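Model the full structure from these sequences, guided by the hints.
Now for the letters of each chain:
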Amino acid sequence: MPKRQPESNQEPVVQRIRLRYAKRGPLRFTSHRDFARAFERALLRANVPIAYSQGFTPHPKVSYASAAPTGVASEAEYLEIGLRAVVDPAQLRVALDAALSPGLDVIEAVESPLTGGGSLADRIDASTWRIELPGVAARDAAVAVRAFLDAPEVLVERLTKQGRRTFDTRVAVVKLACSDLELLSDSAPGDVPSEVTDIPCAILDLVVRQVTPTVRPDDVLSGLRVIADLEPPVPPRATRLAQGVLTEQGDLVDPLAQFGDADRPAAVAGTSSL
Amino acid sequence: MSVTSVFAQLERLLPRISKPIQYVGGELGAVVKDWDAVTVRWALSYPDAYEVGLPNQGVQILYEVLNEQSDVLAERTYAVWPDLEQLMRAEGVPQFTVDAHRPVAAFDLFGVSFATELGYTNLLTMLDLAGIPLDARERDERHPIVVAGGHAAFNPEPIADFIDAAVLGDGEEAVLEITAIVRKWKSEGEPGGRDELLLRLARTESVYVPRFYDVDYLPDGRIQRIVPNRADVPFRVHKRTTMDLDAWPYPKRPLVPLAETVHERYAVEIFRGCTRGCRFCQAGMITRPVRERSITTVGQMVKEGLEFSGFHEVGLLSLSSADHSEIGDMCSGLAQQYEGTNVSLSLPSTRVDAFNVTLAQELSRNGRRTGLTFAPEGGSERIRQVINKMVTEEDLIRTVVTAYTNGWRQVKLYFMCGLPTETDDDVLQIAKLAHEVIRAGREATGSRDIRCTVSIGGFVPKPHTPFQWASMTEPEVIDRRLKALKDAINSDRSLGKAIGYRYHDGEPSQVEGLLSRGDRRVGAVIRRVWENGGRFDGWSEHFSFQRWTDAAAEVLPEFGVDLAWFTTREREQNEVLPWDHLDSGLDKDWLWQDWQDALTGYEQDDCRWTPCFDCGVCPSQDTEIQIGPTGRKLLPLTPVAGLRVPHA
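Residue numbers (our numbering), protein chains in the order written: chain A, 1 to 274; chain B, 275 to 922.
Because the hints were derived from the structure by calculation, they are not lab data. Predicted, not measured: the structure shown is a model, and the values here were computed from it. Each hint should be verified, as a subset may be incorrect.
In the DSS-like style, the derived pairs of lysine-lysine whose C-alpha atoms are separated by at most 25 Å in a straight line are [said to hold, decoys possible]: (1) B:K771 <-> B:K686; (2) B:K577 <-> B:K526; (3) B:K460 <-> B:K307; (4) B:K577 <-> A:K161; (5) B:K460 <-> B:K526; (6) A:K61 <-> B:K577.
Under 8 Å between C-beta atoms, here's a sample of chain B residues computed to sit facing chain A [as the list claims (entries may be wrong)]: (7) P294; (8) E464; (9) R468; (10) E470; (11) G584; (12) H586; (13) G589; (14) L591; (15) G916.
The C-beta atom is built at its ideal place from N, Cα and C for all residues, glycine as well.
Encoded structure:
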């Protein structure tokens with residue numbers, strides 16, 4: 001019987017590049033799987049010399065850091081690709097950004113060492129989030145935040161892949177602060193303005209540590225409901241602003257920081273390509 | 275009057291529903307135009323969920339053809355799932371387009387493409403959510419003209435109450451002609467209102483406007499006649515045929531969805547039409563004559579389609595792809611061009627022919643050999659003669675064994691149950707065939723690691739085919755035969771273990787049968803089913819046979835007919851059929867003769883290779899067969915190194 005599958009002989013990886021990308025506006029409803037498919041097509045559209053894994057079903061060499069949940073916007077998603085030919089990272093960023101739908105935007109591209117650079121995941125253990133609560137007065141939100149922070153633990157329930165789970169959200173929250181939309185006008189990076197301007201809109205600033213199971217912005221909102229009956233009348237809108245390694249001062253270190261500039265703070269605002 | 279987006283209202287609902295990405299648009303290839311900068315506005319729909327509707331070739335082609343016109347705008351809308359429908363009703367959000375989230379009611383035209391009749395209830399949901407009256411006669415100048423197209427439009431009578439017009443046949447030129455009529459009518463200040471516009475459309479003789487035709491019935495329930503109710507519309511409406519597919523190389527900018535859809539590939543039609551003459555096949559009858567796209571145009575479309583879309587898969591589509599006059603060169607040329615690129619090529623081949631294995635082998639140079647599909651359709655030689663599927667048992671065994679010896683482990687075989695004149699034995703022969711396939715395959719390969727899957731569905735007689743007069747088999751008989759076939763396959767344990775068995779119950783086919791060959795009286799059944807919650811009837815988890823039989827039992831007695839009258843009743847030669855005034859080009863006398871030939875097992879050749887047998891299409895439609903070979907070849911592609919960076 002002849003061989004069932006054709007030989008697979010893929011070219012080796014000669015360059016690794018890490019990317020930061022954003023999920024904005026209506027395209028925040030893109031799930032991680034949706035993004036992964038769109039990204040693989042973008043690689044082909046942009047003629048990126050992507051390397052493939054060996055085997056019967058070669059896969060493009062793309063590895064993702066923890067992805068923001070479906071429906072949550074993000075200014076700071078990360079992935080790494082392996083290439084079979086060397087390209088200019090700046091050109092790569094432009095080419096990939098153009099090859100993706102507007103709203104899936106490639107913001108930064110940085111070369112990483114072929115070996116010994118550690119993994120992207122090693123450089124991320126926390127996230128900064130911004131949550132808009134249209135229809136919630138800042139005062140009410142502040143009361144709920146205080147109650148949340150004062151509680152030793154805040155148990156919530158969520159349906160995970162392993163079934164319904166109850167877990168503590170308080171332990172993962174490094175920072176939770178409340179402010180008013182008016183005070184923050186124009187400072188939101190690349191975000192669409194809230195669709196409602198004539199009603200109050202409280203803003204939560206949140207820093208969450210990576211734990212298992214992952215504590216997501218909607219879990220923290222569930223926590224605020226559990227602990228203080230905070231019930232937004234309109235679905236809240238969350239945006240991930242940054243990811244990185246948490247310092248003792250409570251800042252995040254940019255995962256794309258080069259070895260020389262390891263102290264560079266994680267990108268938060270003003271670097272959007274919009 | 276400008277129109278605003280409903281996205282802000284919709285956006286609040288999206289976090290509360292499943293797969294919201296399907297409603298936000300933003301696909302590559304999507305076009306959003308300034309509402310006020312254009313004259314004619316189309317909302318186009320495939321009336322199923324986004325995941326099924328988006329890849330539809332017909333809608334994609336018309337979307338692109340229309341948007342290439344500078345004063346025309348086309349957007350897309352799909353059926354929303356019940357979770358969103360419920361919220362839209364509660365919050366007052368109307369049916370919207372996914373491109374710019376504009377309300378469907380604001381468009382000039384609402385074009386709906388029906389590949390299957392099971393989308394009819396979804397049409398009603400869309401109309402209702404759009405705020406468009408379900409009854410076409412209650413619509414006025416504020417409402418779009420609702421136009422049906424697609425294969426089901428060859429008998430639009432069951433939805434005659436709900437549509438304003440239907441177009442038969444190819445849409446590329448038809449939508450431009452309709453657009454021109456609407457443009458002129460608007461520029462003249464909309465004289466005569468909606469009625470005048472419909473009249474102008476009807477006068478083209480290729481747009482059917484049901485309200486201009488009356489149906490009279492005989493006391494026994496049969497149709498007496500269908501005639502125009504005004505002097506200035508044609509007695510018969512003719513189908514459209516796009517000639518010279520090289521002049522219409524669409525889609526050029528295929529839509530690339532973010533949401534997961536049923537087909538994720540660049541699909542190119544390599545030809546339209548088929549004259550194999552399979553008597554059950556409506557597509558093969560209504561799309562005549564065969565018109566090939568040339569090998570070089572196909573090559574160009576694949577290259578540009580892949581560059582534009584970034585798809586990793588190419589599908590070479592047609593009703594019988596191996597019949598293209600240059601299919602060998604096309605497959606080897608494309609396989610060479612994309613060798614080593616991780617692009618996979620596929621040929622949805624259905625004919626039982628060892629040549630198909632050779633082609634599939636060419637195309638799988640890059641990829642895996644997961645499975646091959648063949649469609650013998652009938653289990654016995656006799657029934658295959660009835661349906662004009664000229665395949666002998668030896669052909670089939672040889673073809674499948676060739677596939678196994680060339681490294682395919684899995685072969686899928688398609689059959690139908692309930693064909694005219696079928697007996698239990700015809701169906702049981704399928705088991706014998708499958709056993710023989712496995713036995714011969716094991717012998718030829720010396721391996722037990724080969725499988726075949728028998729996939730079988732119920733036959734539905736379709737309008738404009740030789741079987742349009744045939745009686746449908748009762749669902750109980752179908753189900754009994756399907757069960758007996760299963761037992762027969764498993765009667766030999768060793769062989770049975772290597773045979774997978776998939777089947778569709780007889781019941782949904784009865785509903786398809788009602789809708790396929792129904793007349794205007796069936797509209798009341800559709801409406802009742804919809805009022806009782808009927809949605810997404812093409813999905814087994816949403817379909818309810820009970821809901822359809824209940825509605826038929828409530829509504830049809832008033833007319834002196836019932837469900838069986840439409841399905842299992844055989845028609846006589848002189849009966850007026852509900853679609854007789856709709857001209858597919860096929861000569862009714864020829865169809866009848868072919869029906870009689872079927873009953874005697876007389877086979878009909880293919881007119882591409884034998885002389886014309888007068889089916890009537892070419893002379894009546896002023897068309898002709900367009901086939902190669904052109905003698906041209908696909909040249910190797912020069913690999914382009916370097917990133918594709920857009921120019922500023």
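To see whether the hints hold, each was checked on the structure:
With a C-alpha separation of about 15 Å, the suggested pair K771 of chain B and K686 of chain B falls inside the 25 Å cut-off, and the hint holds. Among the hinted pairs, K577 of chain B with K526 of chain B is consistent with the structure: their alpha-carbon atoms are about 10 Å apart, no more than 25 Å. About 19 Å separates the Cα atoms of K460 of chain B and K307 of chain B, which keeps this hinted pair within 25 Å; it holds. Taken as a hint, the K577 of chain B and K161 of chain A pair is broken in the structure, with Cα atoms around 41 Å apart against an allowance of 25 Å.
For the given pair, K460 of chain B sits about 30 Å from K526 of chain B by alpha-carbon distance, which is inconsistent with the 25 Å threshold. For the given pair, K61 of chain A sits about 24 Å from K577 of chain B by alpha-carbon distance, which is consistent with the 25 Å threshold. The beta carbon of P294 of chain B comes within 4 Å of a beta carbon in chain A, closer than 8 Å, and the hint placing it at the interface holds. Below 8 Å, beta-carbon pairs count as interface contacts, and E464 of chain B has none with chain A, the closest being about 35 Å; its hint is therefore violated.
Checking R468 of chain B against chain A by beta carbon gives a least distance of about 35 Å; that is not within 8 Å, so the hint is violated. The restraint placing E470 of chain B at the interface with chain A is violated, with a minimum CB-CB distance near 40 Å, outside the 8 Å limit. Because the beta carbon of G584 of chain B sits about 3 Å from the nearest beta carbon in chain A, less than 8 Å, this interface hint is met. Interface restraint check for H586 of chain B: the shortest CB-CB distance to chain A comes to about 7 Å, inside 8 Å, so the restraint holds.
For G589 of chain B, the interface hint is violated, since its Cβ never comes within 8 Å of a Cβ in chain A; the closest pair sits about 16 Å apart. A distance limit of 8 Å between C-beta atoms decides the matter here; for L591 of chain B the minimum to chain A is near 20 Å, and the interface restraint is violated. Given hint, G916 of chain B at the interface with chain A, holds; its Cβ is 7 Å from that chain's nearest Cβ, closer than 8 Å.
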